[in-house]
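A.B. asks: Residues per chain are reported as follows:
There are 4 protein chains.
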Amino acid sequence: MDIDYQSCLNEIYEETKGLLGKGKVADYIPALAEVDPNQYGICVHTLEGQTYYVGDAKTPFSIQSISKVFVLSMVFAALGDSIWSRMGREPSGSSFNSLVLLETENGKPRNPFINAGALVTTDCLLSISKNPLKDILVYVRNLANNKYINYDSVVANSEMETNFRNAALLNFMKSFSNINNDVNEVLNTYCHQCALMMSCEDIAKAFSYLANGGINPFNNKRLLTLSQTKRLNALMQTCGLYDESGEFAFCTGLPGKSGVGGGIVAIIPKLLTICVWSPELNKHGNSLVGMKALELFTTKTGISIF
Amino acid sequence: MDIDYQSCLNEIYEETKGLLGKGKVADYIPALAEVDPNQYGICVHTLEGQTYYVGDAKTPFSIQSISKVFVLSMVFAALGDSIWSRMGREPSGSSFNSLVLLETENGKPRNPFINAGALVTTDCLLSISKNPLKDILVYVRNLANNKYINYDSVVANSEMETNFRNAALLNFMKSFSNINNDVNEVLNTYCHQCALMMSCEDIAKAFSYLANGGINPFNNKRLLTLSQTKRLNALMQTCGLYDESGEFAFCTGLPGKSGVGGGIVAIIPKLLTICVWSPELNKHGNSLVGMKALELFTTKTGISIF
Amino acid sequence: MDIDYQSCLNEIYEETKGLLGKGKVADYIPALAEVDPNQYGICVHTLEGQTYYVGDAKTPFSIQSISKVFVLSMVFAALGDSIWSRMGREPSGSSFNSLVLLETENGKPRNPFINAGALVTTDCLLSISKNPLKDILVYVRNLANNKYINYDSVVANSEMETNFRNAALLNFMKSFSNINNDVNEVLNTYCHQCALMMSCEDIAKAFSYLANGGINPFNNKRLLTLSQTKRLNALMQTCGLYDESGEFAFCTGLPGKSGVGGGIVAIIPKLLTICVWSPELNKHGNSLVGMKALELFTTKTGISIF
Amino acid sequence: MDIDYQSCLNEIYEETKGLLGKGKVADYIPALAEVDPNQYGICVHTLEGQTYYVGDAKTPFSIQSISKVFVLSMVFAALGDSIWSRMGREPSGSSFNSLVLLETENGKPRNPFINAGALVTTDCLLSISKNPLKDILVYVRNLANNKYINYDSVVANSEMETNFRNAALLNFMKSFSNINNDVNEVLNTYCHQCALMMSCEDIAKAFSYLANGGINPFNNKRLLTLSQTKRLNALMQTCGLYDESGEFAFCTGLPGKSGVGGGIVAIIPKLLTICVWSPELNKHGNSLVGMKALELFTTKTGISIF
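Protein chains in written order, with this note's numbering: chain A, 1 to 306; chain B, 1 to 306; chain C, 1 to 306; chain D, 1 to 306.
Everything hinted at is true.
With a cut-off of at most 27 Å between alpha-carbon atoms, the simulated DSSO-like pairs for lysine-lysine come out as follows:
| # | chain 1 | residue 1 | chain 2 | residue 2 |
| --- | --- | --- | --- | --- |
| 1 | C | K108 | B | K283 |
| 2 | D | K108 | C | K292 |
| 3 | C | K283 | D | K108 |
| 4 | B | K58 | B | K22 |
| 5 | B | K108 | A | K292 |
| 6 | A | K108 | D | K24 |
| 7 | B | K24 | C | K108 |
| 8 | D | K292 | C | K108 |
| 9 | A | K221 | B | K300 |
| 10 | C | K221 | D | K300 |
| 11 | C | K108 | D | K283 |
| 12 | B | K22 | B | K283 |
| 13 | A | K300 | B | K221 |
| 14 | A | K221 | A | K130 |
| 15 | B | K270 | A | K300 |
| 16 | A | K108 | B | K292 |
| 17 | C | K300 | D | K270 |
| 18 | B | K270 | A | K270 |
| 19 | D | K300 | C | K270 |
| 20 | D | K221 | C | K300 |
| 21 | C | K283 | B | K108 |
| 22 | D | K283 | A | K108 |
| 23 | B | K108 | A | K283 |
| 24 | B | K108 | C | K24 |
| 25 | C | K300 | C | K283 |
| 26 | B | K108 | C | K108 |
| 27 | D | K108 | A | K24 |
| 28 | A | K270 | B | K300 |
| 29 | B | K283 | A | K108 |
| 30 | D | K270 | C | K270 |
| 31 | C | K221 | C | K270 |
| 32 | A | K283 | D | K108 |
| 33 | A | K108 | D | K108 |
| 34 | C | K283 | C | K24 |
Since the hints were derived computationally from the structure, they do not count as laboratory data.
Based on the provided sequences and hints, a complete structural model is requested.
C.D. replies: Take a look at the structure:
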């Protein structure tokens, strides 16, 4: 099957750019609210090494929750299945920052991709890393094969000052003894990982190891076992887009992960990764244009895991 | 890749039969509680037409919730995407018969594979079929290529008499105007579809159309479009095993559907279907041995959609 | 303290009649929706035997949930504290017909004044009465000293046909084995008790036994022990007005009970009872004018239990 | 009615002391867990100025949530009904430190006597007081007519270090903009008010103003209007004992307030106040012996507001 990805991306771009203006840029982090809403880019990166672009695919943006996958990879590789004693692997059926289930489930988050679970993941990292901010940066730069990736301190600090919901989640879980490190240190690391600036190209490349059985194609280093890789993909499939995970699976059939910065990345195992970015979100907190673009991509290419 | 499915099934059977006795047969339906708990069978059916068996793979059992997929196929084919105005496509994060989310979400079930959604599905069928019990039977017999499949009236009537929870769900949804037909008629049809008696072989064959892009391989009739087929598989992936759907996806990486009769069916698109049956359930209501057997199957064969 | 109740009622009536038109008549029972919304009456009945009226105080209306107190009295007297094994005595914090707490609390309603608890109460009555509809009528006629009180069959049947929410509650509780009689028989009795037609005068008189230590002042028969009487009053104080019980206690300081027919009755122990009626409800399902009238009554008279 | 309160207290003490050892001292604050569990005292203080004691009625203990009433009085007097825009007046139906309702109700606590509401109350105080810790102390000393009342810094600091649940509540409400001051400052004041050391005698005296129409009987200063006093009593009646408020109203018929230090105070308007203390708690977090003692007190004296 020979697919002309470039034409495909061009078509999708034309068909969806009319949706710009219909969503709403995330405003709960002041520094994010200032982003130009009219930006839109897509990048496809194949395991054979080709890269295809359209629009603002090379503009770095705040990756936000997409960072949850990187940190989870780091601690899953280091700690193995022991991490699952502290968080589950089930969809939550709730929004990304809900506290309700945490209360009935004794401070154990449903999965690592809701905020509560991601905070536990970051807490795990703090327990095994002396310099977590540096380690994350090295990890992500190697994945994306780009040594210029960095944190946006303005966004990170803006989040620290307004991040009362995540502080609530951390304190709540600590009251159940499910946070081991200092609440403010976990929060600081978390706000920084969310404030990583990466372009569609960076992200598409950085997720290639999940399409590639756990091996970083840029340096051939294995980061996860084959089994761990499959499991991470399965988790993204069931939990990657908050309470729109089912909808995303239904419409695209792909494992993926989104962030409130407007990025969505999806993985087609053994073939390619694709990242779309447009800052305006739908009511579930996922990029409005991005959701449509990825649905069109699977429709037009006929690619599906099912 | 040449896999010796027969040896694989034999191995799995040997490695897991020691788990018999560790679960609990469903006791909320009196007629089901009498089933011999020590039965255990597996059947693989490939799209090339080969069938492999081990154990009690030809013994008919009560398929229970596995029937939800058949009825959903019928109404999805007939009514298209209009059915989604009456039920969602998201994991519920709750147990199969919970009413909680229904209340906050105005009587619209999260997805068609929790009981509430399956009852709406059956209500849809009643609105388009003059003889739903006959139509279901014809549909399933054609799928499984077995004209002897039938309802177990004892189980169906046993369920009718003890089915207060489902009667509550139906009345509750009707109070939100999301049930159009008579509550007792919907309940009667639902209890009968759950009481279909099929063997592992029957079920593996009957699900082949979902591995086969929507076409029944036994008569080459298209039942669903390719897109509908993918979407049904995605739904099974995210919602097929109640509040253990994430765990099943994590461990097997496959779309599947379980029933409290102890059956679990899984689909490997474009390749095969597999059905396991053992009546003893884990605490989430899924076959304890079946869960393990399917995890082993993907581990041993290396088959995965990810 | 000599209070001129008549002048007081006249003042209240004048000061509050301007609120007519600001609420909404209950529309979930078709027969109730047809009531003339502009009716408004108040009746005070003292333990010394005086009765004071203003407005439509002699017009019978559908007492609805006010009936819950009568039936609870009947079964509390007959069965004693054993009834509390089947329902609690705590405010629910939820609306009158919520199913949510029932699920987490295994089918045991929070208190006898939410619908679920009232249905359990009626189920208790069915277990001890051969002719519950006749027994209720005799009981209430004696309390109100009015042998013409009767059921409105049109309202009762209208409720039976549209009462899917209560049917859901009954079936749900039966699935937890907390309903002993036939669901439809319980529902029929419940719909009839709610459809009792009584005027403000009837209700004020009928509640006198609760201001009078448990003794019906019209025939000097003891219906409840002194201790049971206090406890019923305490229950009304904490749970009598659904999820507005706290607000009512805060504003009036009195035990009371409301119904969606627009009636609210309040009790001043050892002194008097007062019943207000106006069909238009606020968003919590309590009479909008009635709430204000009772607040004014305690403000103007300075009467309070605190 | 001449009641021999001293004999009554002696009787109650004898009849209930056998319950010592059946509860569990609060262990979530380390410094509280070290309290000798076998202490037990009762004090009755009448508006006529008599004081009756039994047991350890003069031993100071940590008043914990009983302090919520004092701080609420201070801000209710200063800010009037405007405080109700930030918290409700309804029973919550949940345990004292639940976050669940806060999420669905946008960070507005149900009432001022659950932790969330008390934290909002303390936040109100910080907005109007330059030295809240000093102001609270002056207020309480005047109420109890005891200038030696003070904070237990060990308990206060112990709470600060382990108070992750309250830190979660504060951050959560701040994320809804319902906390105006610094989270740590509110928490520090709150932990200190909870760590006030008072004896049964102190507390019985200090609550006299609520039996006395809002006037401190020791200096004849009005602290609340008559109407505010009634309303505070009504609030205690419906919400004073967490999710056992209905049970307490049912069994004693009195407005009251409890703390996890093992104290419970109850008010009989126009007559007296009574405070019981015994550190062992029942499963709802209220003094096990105290609940029984107060029920006996109303049974033996026949005193009731109903």
